[in-house]
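Read in order, the letters of the sequence shown correspond to residues 1 to 143 in UniProt numbering.
These are computed hints drawn from the structure, not numbers from a lab.
Treat the hints loosely; a few may be bogus.
[Unchecked claim] When the alpha-carbon atoms are kept at most 20 Å apart in a straight line, the in silico EDC-like pairs for lysine to aspartate or glutamate are as follows:
#1 143 to 129
#2 77 to 11
#3 70 to 41
#4 143 to 25
#5 70 to 96
#6 61 to 11
#7 61 to 41
#8 143 to 14
#9 70 to 14
#10 61 to 92
#11 77 to 41
#12 77 to 92
#13 70 to 58
#14 70 to 11
#15 61 to 96
Please read all numbers here as calculations on a predicted model, not as lab measurements.
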Amino acid sequence: MRTGQILWPTDFSETAAHALSYAIEMANLYHVGLKILHVVEQPIGDENFMILSITPEELIKSMEQDAATKMQALLEKLHTDLPVTTLIRRGDPVNEILDEANSKDTGMVVIASHGRTGISHFLHTNVAEAVANGAACPVLVVK
1 MRTGQILWPT DFSETAAHAL SYAIEMANLY HVGLKILHVV EQPIGDENFM
51 ILSITPEELI KSMEQDAATK MQALLEKLHT DLPVTTLIRR GDPVNEILDE
101 ANSKDTGMVV IASHGRTGIS HFLHTNVAEA VANGAACPVL VVK
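Please model the entire structure based on the sequences and the hints provided.
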């Protein structure tokens, strides 16, 4: 862990932003880089319903461009001397985060928990829980 980068997956929410301070602290502690990952989920729908005036591919490209804009704004506010790598991936968040978490250059994942409880916990995929259970490296879940 002491040589691998700290992976911080983000959905650009306030909860995820709270976990960023922990990710930076861990990266500074171990003198390693910070890897920021955002996953753009594939839109769900059927092209035959013609609800959208654009194609699903155009929609996902627009979402990726929006993510790139948010990532750039985040980097401009991030005041650190750490080496920072940014990644924008397309797919299922759990799978994409685990792929990156289990890569050889990741030493730890610092991820935010959305803190769902009760019925909401069972109705929504808990990304942080899935990552914690599936990652080969240590995972810090921040509430």
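Comparing the hints with the structure gives:
1. 143 to 129: 12 Å, holds
2. 77 to 11: OK: residue 77 and residue 11 at ~16 Å, within 20 Å.
3. 70 to 41: 16 Å, holds
4. 143 to 25: Holds. Residue 143 to residue 25 sits at ~16 Å (cutoff 20 Å).
5. 70 to 96: 19 Å, holds
6. 61 to 11: 16 Å, holds
7. 61 to 41: The hint holds at about 11 Å.
8. 143 to 14: Measuring from Cα to Cα gives roughly 11 Å; hence the hint holds.
9. 70 to 14: With Cα atoms ~13 Å apart, residue 70 and residue 14 stay inside 20 Å; holds.
10. 61 to 92: It holds: about 16 Å lies between the C-alpha atoms, which stays within 20 Å.
11. 77 to 41: With Cα atoms ~25 Å apart, residue 77 and residue 41 exceed 20 Å; violated.
12. 77 to 92: 27 Å, violated
13. 70 to 58: 18 Å, holds
14. 70 to 11: OK: residue 70 and residue 11 at ~10 Å, within 20 Å.
15. 61 to 96: Since the Cα atoms of residue 61 and residue 96 sit roughly 17 Å apart, the hinted pair holds (cutoff 20 Å).
Hints 11 and 12 from the list above are not met by this structure, while the remaining hints are.
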